[in-house]
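Chemist: Here is what each chain is made of, one letter per residue.
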Amino acid sequence: MSAESLRDPRLLAQQAAGGAGPLLTEGRSEPADSVAALCADFSEVCASAVDPLEIASALEFDGLSDQAVADRYGLPDVFALAQEMFQRVPRQPAEPEPLSDPWHTSRLRPALHGLLYGLPAICFPAAAGLLGGPGVLPTLVAALLVAWGLSQGLAYLGYRRLGMADTGQTRRVLRAGLVAGLAVVAAAMAAAAMLLHARADVVIFGAGEGAYMLGACVLMVLGADRWLLVALAPGVLGSAAGRIQDEIRAVLAGEFRGPIDQVTHLRFDPDVEGFAPRGLPLWNTHKIA
Amino acid sequence: MQIALTEEGTYPHHFGGVSVWCDQLIRGMPDYDFRLVALVATGSEPVRWKLPGNVTSLVTVPLWGPPPPGSGPRARLGRGRGAVPVGDLIDVLLEPPDQQQDRFASVLREMFGCGQAGTLSGALASESAVQVLSDAWRDRPESAHSVPTLHDAVTVMQMIEHALRPLSHPPVRADVVHAVTNGLGALPALTAKWQYGTPMLVTEHGIYMREQFLHSRSAPYRWPVRRLFLRFLRRLCALGYHEAQMITPGNVYNKRWEEQLGADLSKVRTVYNGVDPADFPALAGEPDVPTISWAGRVDPVKDLDTLLRAFALVREQIPAARLRIFGSPPAGGEAYLEHLQLLADELGISASTSFEGRVDKIRDAYAAGQVVVLCSITEGFPYTLIEAMTCGRPCVGTDVGGVTEAIGDTGLAVPPRSPAGLAEACLTLLGDAGLRQKLGAAARLRALEYFTVDRAISAFDEIYTFLGSGRPLLTADPGQTPAIAPGAGWRHRFGGAQLMALGAAG
Chain L
1 MSAESLRDPR LLAQQAAGGA GPLLTEGRSE PADSVAALCA DFSEVCASAV DPLEIASALE
61 FDGLSDQAVA DRYGLPDVFA LAQEMFQRVP RQPAEPEPLS DPWHTSRLRP ALHGLLYGLP
121 AICFPAAAGL LGGPGVLPTL VAALLVAWGL SQGLAYLGYR RLGMADTGQT RRVLRAGLVA
181 GLAVVAAAMA AAAMLLHARA DVVIFGAGEG AYMLGACVLM VLGADRWLLV ALAPGVLGSA
241 AGRIQDEIRA VLAGEFRGPI DQVTHLRFDP DVEGFAPRGL PLWNTHKIA
Chain Z
1 MQIALTEEGT YPHHFGGVSV WCDQLIRGMP DYDFRLVALV ATGSEPVRWK LPGNVTSLVT
61 VPLWGPPPPG SGPRARLGRG RGAVPVGDLI DVLLEPPDQQ QDRFASVLRE MFGCGQAGTL
121 SGALASESAV QVLSDAWRDR PESAHSVPTL HDAVTVMQMI EHALRPLSHP PVRADVVHAV
181 TNGLGALPAL TAKWQYGTPM LVTEHGIYMR EQFLHSRSAP YRWPVRRLFL RFLRRLCALG
241 YHEAQMITPG NVYNKRWEEQ LGADLSKVRT VYNGVDPADF PALAGEPDVP TISWAGRVDP
301 VKDLDTLLRA FALVREQIPA ARLRIFGSPP AGGEAYLEHL QLLADELGIS ASTSFEGRVD
361 KIRDAYAAGQ VVVLCSITEG FPYTLIEAMT CGRPCVGTDV GGVTEAIGDT GLAVPPRSPA
421 GLAEACLTLL GDAGLRQKLG AAARLRALEY FTVDRAISAF DEIYTFLGSG RPLLTADPGQ
481 TPAIAPGAGW RHRFGGAQLM ALGAAG
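Quick mapping for you: the protein sequence lines, in order, are chains L and Z. If you're matching positions, the first sequence starts at 1 in the numbering used here and goes up one per residue. If you're matching positions, the second sequence starts at 1 in the numbering used here and goes up one per residue.
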């Protein structure tokens, strides 16, 4: 390539010794050999060339003029020299550098996405107290379907803008879409309240569910998924705390009767005579022993 | 008279030399109305130039983005009425570039018909087209070392589909259609010629095909893709030259390439780029300190390494000499400037060398030197030289591209990458005030005679009038090419370096 031949010591030495002088004075100074040397310098260009003119463009780009070609190589011009080089060097094209995969993301991101899709389910127990009265399920399903459809559409519009590398326009589209989407979800919930006689807290929960989905869509398109973890934290922690509290209460009340008790007994006291476990054994104790 | 200017990726959406030229041309010819047809990437590019009043319309032809309207996938491939001759196109492209050019011309003209009927893009983008190409490749293997893949076939058909989109747009109506580039940018001009018989003119500033060859070397495509697409472009350029009534390269250096690409030299008339002399009045006097001045973009192709090494040699003879470098590196190329500063340190010339950065008035950069130097390893027809010459500064330039053509006998030319030769030429000028004055005055005269905007405008005025009237043209260069013929009696050798100094000899 030209950058390499820029530093070609042979050429530099020749110049240091007075430019094209030595070859200028002797037109017949074994031009064949100098062409061979040039072919070696430009081997990559020649091996990958699709046309002699491609070599000519590379030679000229490297500073070779018709005059210099005539002086050094005894050929009429750059084009004749390129033709000669094209014939001498067989085609062995180099493969291009593999392109970077535009779809490549870190492995963490899909994992985080999976987590983010699953976490809302954990929030429901925390809200169990709110979800009573008539029309709970249809109301929540309506909120889900409306917000899901809207957020899919909004994500499409957002990614289109993002694909044109126009972040400003992307943000504007997402902002407008979020506001419009919230209005539609609110209208849907108002309709649910009227038609299904859902309680106010159910309707508000449904609206919140829709708002979360639209907001999540905006944040995911913008690549700011992390904020969703923050948004989900109160619900998740609340549910977890409630669950732990229930377990502790159950254990304290001695109500916990699980298969683990039985297994433990079977496992460690297999020879206790007269032990009659409740329920079926999970495996044959004698084989284990 | 209505002139249609067709171009690709330049005026009025982008800045650069060609855009400056277009703007100068349109503003300089207020009696003509101009219709612009600009090939753009997506069509969402903003117009960056304030359009002159005599621009009557601007049509953008996006090569990317959604396909042209009406291009469904159901077009018939093959021969005959209404069919899109994809197979013929591929057959021709697999032939050596110097054969069957007539067939390429008729295939492209048929494709123009398909484009107007709305079937072209769909056909080229179809699975059948990819199949035709894969079959052709399988039947005629070109290299055992780079076997085409299906991905290659898809890639190259996509490239051709996008490249030929101008054929699907309505042709522009004008009295003369002037393509300001060859290649894809000439396609709208070809459609105007085919549809309405509009006389066509092709101007090239840089040779389109030469630039494509250079760019393709860093493109991420495999050899079969590059080969087929570059053959397509090469044939397209040959077609542009063939269909044009007249070819007007910006310098004689370009003419060599046009000849190689199949242009009929009897149609070629060189019209030089020019500067406005009002912007570059003659400089009165020169700096007292012997100073070499350089102006331009600080970039490796400008080979400032050689300039620094040459200057170190100059300083051995003239210890008081100074080197002033005006200009900044392009964004992302700052490393080269740092490299040069380190090199200046190593050579022990950093105290007498200054990197001045950008100047508001480029004329100040020429005024700063007793001698103006251009030491690039590659050039087209450099404005730097014409501007310095218009200012009346003697120049030293490397013998690349159109440099010797610009300098002619009014400066010194040295081989590229020769510090010794460059130093010798600089010393010759720095040591001889009389020679500087003589060459500077001759340079200004030469620039005013050949390289002014007015001269270019009057040349095109004449060409448009002739083409528009349908009268036969006086082609070829009617004895107005500056004397630059190599091998003339003014070639001298100073030491090892080969200098061209007509003024000094005369």
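Don't read these hints as lab results, they were simulated from the structure. No experiment lies behind these values; they were computed from the predicted model shown. Honestly, I wouldn't trust all of these hints.
[Unchecked claim] Here are some, though not all, of the chain Z residues that point toward chain L, as calculated from beta-carbon distances under 8 Å: (1) 40; (2) 106; (3) 416.
[Claimed, not checked] Ranges between beta-carbon positions, derived for each pair: (4) L/103 with Z/266: 52 to 60 Å; (5) L/208 with Z/50: 47 to 55 Å; (6) Z/465 with L/180: 54 to 62 Å; (7) Z/465 with L/103: 54 to 62 Å; (8) Z/50 with L/176: 54 to 62 Å; (9) Z/173 with L/113: 51 to 59 Å; (10) L/171 with Z/360: 52 to 60 Å; (11) L/98 with Z/266: 43 to 51 Å; (12) L/144 with Z/338: 57 to 65 Å; (13) L/164 with Z/96: 37 to 45 Å.
Backbone N, C-alpha and C fix where the C-beta goes; we use that ideal spot for every residue, glycine too.
Chemist: Take a look at whether the Cβ-Cβ distance between residue 98 of chain L and residue 266 of chain Z falls inside 43 to 51 Å.
Modeler: Roughly 48 Å apart at Cβ, these two residues keep to the hinted range, so it holds.
Chemist: With chain L as the partner, please determine if residue 40 of chain Z meets the hint condition of a C-beta pair closer than 8 Å.
Modeler: violated, 14 Å
Chemist: Using the C-beta atoms of residue 465 of chain Z and residue 103 of chain L, is the stated range 54 to 62 Å upheld?
Modeler: 57 Å Cβ-Cβ, so the 54 to 62 Å window holds.
Chemist: Could you tell me whether the CB distance from residue 171 of chain L to residue 360 of chain Z stays inside 52 to 60 Å?
Modeler: violated, 37 Å
Chemist: Do the beta carbons of residue 164 of chain L and residue 96 of chain Z sit within 37 to 45 Å of each other?
Modeler: holds, 41 Å
Chemist: Regarding the hint that residue 416 of chain Z lies at the interface with chain L, is the smallest CB-CB distance below 8 Å?
Modeler: This hint holds: residue 416 of chain Z lies near chain L, its Cβ roughly 4 Å from the closest one there, short of 8 Å.
Chemist: Is 47 to 55 Å a correct range for the gap between the Cβ atoms of residue 208 of chain L and residue 50 of chain Z?
Modeler: holds, 53 Å
Chemist: Is it true that residue 173 of chain Z and residue 113 of chain L lie within 51 to 59 Å of each other by Cβ?
Modeler: holds, 55 Å
Chemist: Using the beta carbons of residue 50 of chain Z and residue 176 of chain L, state whether their distance is inside 54 to 62 Å or not.
Modeler: violated, 33 Å
Chemist: At the C-beta level, are residue 144 of chain L and residue 338 of chain Z separated by a distance inside 57 to 65 Å?
Modeler: holds, 59 Å
Chemist: Does the nearest C-beta of chain L fall within a distance shorter than 8 Å of the C-beta of residue 106 of chain Z?
Modeler: violated, 23 Å
Chemist: If I claimed the Cβ atoms of residue 465 of chain Z and residue 180 of chain L lie 54 to 62 Å apart, would that claim hold in this structure?
Modeler: holds, 59 Å
Violated hints for the displayed structure, listed by number in ascending order: 1, 2, 8 and 10.
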